[in-house]
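Each chain, written out:
There are 2 protein chains.
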Amino acid sequence: MTECVDCAFCAPLTDAERDQIFQALLEIVGPRGLVTAPDEIAAASLDSRRRRQGSALALVRAASTEEVSAVVRLAGEWGLCIVPQCGNTSTVGGATPEPESPANRRTIILSLSRMNRILSVDPVNAAMTVEAGVILAKAAEAAREAGYLYPISLAAEGTAEIGGTLAANAGGVHVVRYGMARRSCLGIEVVLADGRVVNLMRSVRKDNTGYDLRDLFIGSEGTLGIITKAVLDLSALPAGRLTVWAPLGSLEAVEKLFQTVEKFAGPALTAFELMSEASLDFVYAEGRTSPTTAKSDWTVLFDLALTGRDDPDNMTEGLIEALEPLFDSGDVLDAVLAKNEDEAQALWQLREEIPTAVRSSGGNIKNDISVPRGSLCRFIRETFAEFEEKTPWLAPAVFGHYGDGNLHFNLGNRPELGKGFWKQHEREVHRMVNDAVIRFGGSVAAEHGVGAKAALLERTKDPVELELMKTIRAALDPKGILNPGRVVRWPDNVWRNPAEAWD
Amino acid sequence: MTECVDCAFCAPLTDAERDQIFQALLEIVGPRGLVTAPDEIAAASLDSRRRRQGSALALVRAASTEEVSAVVRLAGEWGLCIVPQCGNTSTVGGATPEPESPANRRTIILSLSRMNRILSVDPVNAAMTVEAGVILAKAAEAAREAGYLYPISLAAEGTAEIGGTLAANAGGVHVVRYGMARRSCLGIEVVLADGRVVNLMRSVRKDNTGYDLRDLFIGSEGTLGIITKAVLDLSALPAGRLTVWAPLGSLEAVEKLFQTVEKFAGPALTAFELMSEASLDFVYAEGRTSPTTAKSDWTVLFDLALTGRDDPDNMTEGLIEALEPLFDSGDVLDAVLAKNEDEAQALWQLREEIPTAVRSSGGNIKNDISVPRGSLCRFIRETFAEFEEKTPWLAPAVFGHYGDGNLHFNLGNRPELGKGFWKQHEREVHRMVNDAVIRFGGSVAAEHGVGAKAALLERTKDPVELELMKTIRAALDPKGILNPGRVVRWPDNVWRNPAEAWD
Numbered sequence: 001m002t003e004c005v006d007c008a009f010c011a012p013l014t015d016a017e018r019d020q021i022f023q024a025l026l027e028i029v030g031p032r033g034l035v036t037a038p039d040e041i042a043a044a045s046l047d048s049r050r051r052r053q054g055s056a057l058a059l060v061r062a063a064s065t066e067e068v069s070a071v072v073r074l075a076g077e078w079g080l081c082i083v084p085q086c087g088n089t090s091t092v093g094g095a096t097p098e099p100e101s102p103a104n105r106r107t108i109i110l111s112l113s114r115m116n117r118i119l120s121v122d123p124v125n126a127a128m129t130v131e132a133g134v135i136l137a138k139a140a141e142a143a144r145e146a147g148y149l150y151p152i153s154l155a156a157e158g159t160a161e162i163g164g165t166l167a168a169n170a171g172g173v174h175v176v177r178y179g180m181a182r183r184s185c186l187g188i189e190v191v192l193a194d195g196r197v198v199n200l201m202r203s204v205r206k207d208n209t210g211y212d213l214r215d216l217f218i219g220s221e222g223t224l225g226i227i228t229k230a231v232l233d234l235s236a237l238p239a240g241r242l243t244v245w246a247p248l249g250s251l252e253a254v255e256k257l258f259q260t261v262e263k264f265a266g267p268a269l270t271a272f273e274l275m276s277e278a279s280l281d282f283v284y285a286e287g288r289t290s291p292t293t294a295k296s297d298w299t300v301l302f303d304l305a306l307t308g309r310d311d312p313d314n315m316t317e318g319l320i321e322a323l324e325p326l327f328d329s330g331d332v333l334d335a336v337l338a339k340n341e342d343e344a345q346a347l348w349q350l351r352e353e354i355p356t357a358v359r360s361s362g363g364n365i366k367n368d369i370s371v372p373r374g375s376l377c378r379f380i381r382e383t384f385a386e387f388e389e390k391t392p393w394l395a396p397a398v399f400g401h402y403g404d405g406n407l408h409f410n411l412g413n414r415p416e417l418g419k420g421f422w423k424q425h426e427r428e429v430h431r432m433v434n435d436a437v438i439r440f441g442g443s444v445a446a447e448h449g450v451g452a453k454a455a456l457l458e459r460t461k462d463p464v465e466l467e468l469m470k471t472i473r474a475a476l477d478p479k480g481i482l483n484p485g486r487v488v489r490w491p492d493n494v495w496r497n498p499a500e501a502w503d
Numbered sequence: 001m002t003e004c005v006d007c008a009f010c011a012p013l014t015d016a017e018r019d020q021i022f023q024a025l026l027e028i029v030g031p032r033g034l035v036t037a038p039d040e041i042a043a044a045s046l047d048s049r050r051r052r053q054g055s056a057l058a059l060v061r062a063a064s065t066e067e068v069s070a071v072v073r074l075a076g077e078w079g080l081c082i083v084p085q086c087g088n089t090s091t092v093g094g095a096t097p098e099p100e101s102p103a104n105r106r107t108i109i110l111s112l113s114r115m116n117r118i119l120s121v122d123p124v125n126a127a128m129t130v131e132a133g134v135i136l137a138k139a140a141e142a143a144r145e146a147g148y149l150y151p152i153s154l155a156a157e158g159t160a161e162i163g164g165t166l167a168a169n170a171g172g173v174h175v176v177r178y179g180m181a182r183r184s185c186l187g188i189e190v191v192l193a194d195g196r197v198v199n200l201m202r203s204v205r206k207d208n209t210g211y212d213l214r215d216l217f218i219g220s221e222g223t224l225g226i227i228t229k230a231v232l233d234l235s236a237l238p239a240g241r242l243t244v245w246a247p248l249g250s251l252e253a254v255e256k257l258f259q260t261v262e263k264f265a266g267p268a269l270t271a272f273e274l275m276s277e278a279s280l281d282f283v284y285a286e287g288r289t290s291p292t293t294a295k296s297d298w299t300v301l302f303d304l305a306l307t308g309r310d311d312p313d314n315m316t317e318g319l320i321e322a323l324e325p326l327f328d329s330g331d332v333l334d335a336v337l338a339k340n341e342d343e344a345q346a347l348w349q350l351r352e353e354i355p356t357a358v359r360s361s362g363g364n365i366k367n368d369i370s371v372p373r374g375s376l377c378r379f380i381r382e383t384f385a386e387f388e389e390k391t392p393w394l395a396p397a398v399f400g401h402y403g404d405g406n407l408h409f410n411l412g413n414r415p416e417l418g419k420g421f422w423k424q425h426e427r428e429v430h431r432m433v434n435d436a437v438i439r440f441g442g443s444v445a446a447e448h449g450v451g452a453k454a455a456l457l458e459r460t461k462d463p464v465e466l467e468l469m470k471t472i473r474a475a476l477d478p479k480g481i482l483n484p485g486r487v488v489r490w491p492d493n494v495w496r497n498p499a500e501a502w503d
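Chains A and B, in that order, are what the protein sequence lines are. Numbered by UniProt numbering, the letters in the first sequence go through residues 1 to 503 in order. Numbered by UniProt numbering, the letters in the second sequence go through residues 1 to 503 in order.
Pairs count within a copy or across copies, as identical chains cannot be separated in the list.
Think about it this way: if two alpha-carbon atoms lie no more than 30 angstroms apart in a straight line, the pair counts; the simulated BS3-like pairs of lysine-lysine are:
| id | residue 1 | residue 2 |
| --- | --- | --- |
| 1 | Lys461 | Lys479 |
| 2 | Lys138 | Lys256 |
| 3 | Lys263 | Lys138 |
| 4 | Lys256 | Lys366 |
| 5 | Lys263 | Lys339 |
Keep in mind that the hints were calculated from the coordinates and are not lab data.
Produce the complete structure using the sequences and hints provided.
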């Protein structure tokens, strides 16, 4: 993948050196913390989408901040690179080492999964302090038990860990109301590239004592430091929800519907998903039934959160009244309202089953993009027209978080071409989509992060911004040992002539 | 204030050099943009609290990003320092140059007030693009005209400018719901210390393409770059509000009241202010009347925003029912509900008049601090006890944003000592308060920023965090020309033996 250039990190280790390193690691993390069995290292070196098999010298499982710090110091002394891993649910290779090559002979995977304690919950401050390895769903459960909501909710929540979701600034379906993971985090503890520990574990909501280092580390995917602890910001727990399935008269009607619902509900609007019929057809083909008889190319699914003051019947009545003009104009064809939580979950299941249904039908080319909400319909129209013209074999199955302008802009092939035909054209289709995203002022990595797609940023970013990212990476990790090659490829002498496999 | 050390920036300019600089500036900004009259420079060198008179070589008023960039480049060539100014409403000297001394002979003030255009409003994306010099109140008005809310609201909104509020990450009374200025900003354009322009003007809500540079510049008070444009994130405009004045049975009752109201209202809770009777007494002494006959040491004022679906009468009824247990337990003594917007404004006026009423009675020592909400009552009790013991002459007049844990922890003197007695003890009282804040894990600069209080950070910050701030400042502004001495004092050779006047 990468062409290796002479540098300290690439010199092969002798067996004696390797043994010395293992001995030193053992002294830091103990026998439970050092994994050298090739099959276990290989398992930890495979990304969650099983598309990228890396390799590493060892898997180190630290149990405390002190251990993380000591391992990082050791890495500096020996010229080892570190791939931090916390849940290993990155879909973009953000937690996966490079494959076997001279460049990664000295790479170790540093897992934080053993750091899995919930340290405290402060109900008056609505804050929870956790170690990085706490599983997302467990953190959410602990918040609920304290009467609060930790609002980050995503498909991998059963295995994703807080440190990883913060490193990747994870999103999910509730971003329209609660923002990404960054917004629900008050403080973090970070181990720097030289092993120093920086304590940013503040739990206040107003703090202007200097630069926003917290948000610099959050979303840096382990390239600027390793997040070892966090103070999470908890939100008020809704008393229930009103879930609505609304087939649209046209794609463009989504704008009117969103504005109407937002005006009606304000911050009670906690999710607003747009799904193409083509994406839902995969779910229906698996035996699920559409909740409506209305025929539509586009459907919206949205949630309104109920607070203590809301009467569900009143709210339903008010909502129907607010939607009336949209029924009259034909913008909304139907509105299926869940009468209880079971029905709400059944509606959401249709949305959530899209990815698995698509996978079993042969998969497709995945683009994790966003464009400003005001241009989103035009973006869809124009790209679809471009596909018609240039790649008529494409079969789009687009869905996503309209409220955030974030689409899973996924593109398979027409069934007559056979399962997986798209695989031969993945790269050119990515490029076509990403070029359109840039034209529309959007983001080519909206929700899942950059990971191994550094070449994509090099092609699409404002050059000054990219230089600035390198400047900051160089200032914080002058030896370039943290998660090498991810997000922004630096130092230039190591990452000369880089591959563009993920473009 | 500062001891000057030999460096390029301190060498005195000859008259010929000065003329050459003025000529070059004139070519960039034209005659309207260059101000050299001593009285105008002096006016621009005075901070908004009129406590700090700086001095400068010239006041340069740029009309475009290109002009800002060219001025910064020129500064680099001539070894000039730049104090960016955008509204000049900093209360901590963040926009004010150093006083006359060898160290600032080469300082120019760079004002962005002429860059005052609202460039576009996108109602579908709920975003607004503005130049840095747009006045906060005008931006808010333009948002309202488009049917949206720009939620940053603060005392200086009639003169504060967007670039300045972003540079300082301003707060205000609605932070409990909408966060600080950082949260309502989607993108920015920044001129770097070497004159390069970095375009971070994205208007998407989900973007994980690399490091969060936007939030690094926001809140850096002009020390890392100069914000020249911004894309503001607009929120749904409330349909009205329910305003409540509630005297408490005890300080600690504020916790129960907050949790009860938050559970009832969820995100409809848009402001939650705590005021000591001592602070309100200054307002009553000016002739205002208390809205209640209940006698209490502490009073809460809160707002609930109404959305399209809310019936004000239903909401009021529901709120009273929710508060019932707190009336029964004596935690809340009364609840004065504003029956209309006029009454709501009258209640808020009492809160907003506290600072001016205090000023006319002799002023006091101002501390802009926050502690985690869960420790706030204990913080007040313990510091008040410390005052009783060590400084019994102090008369606290504390009020602030309980929802954010942010208090204006202001301390005057008992009237028998005469107006302004506190002035002799300002420094020791600041130190006592700030030490307590640190003990409680709080912030010594919660809302107004650091500005000239860099020495305070040096005394109270985690040393690793402080080093990291210097590392980043050094990486982004290697010559140290942007807003010298503010936030974090660097380079060390220039800021050796710094004064601690603002500690």
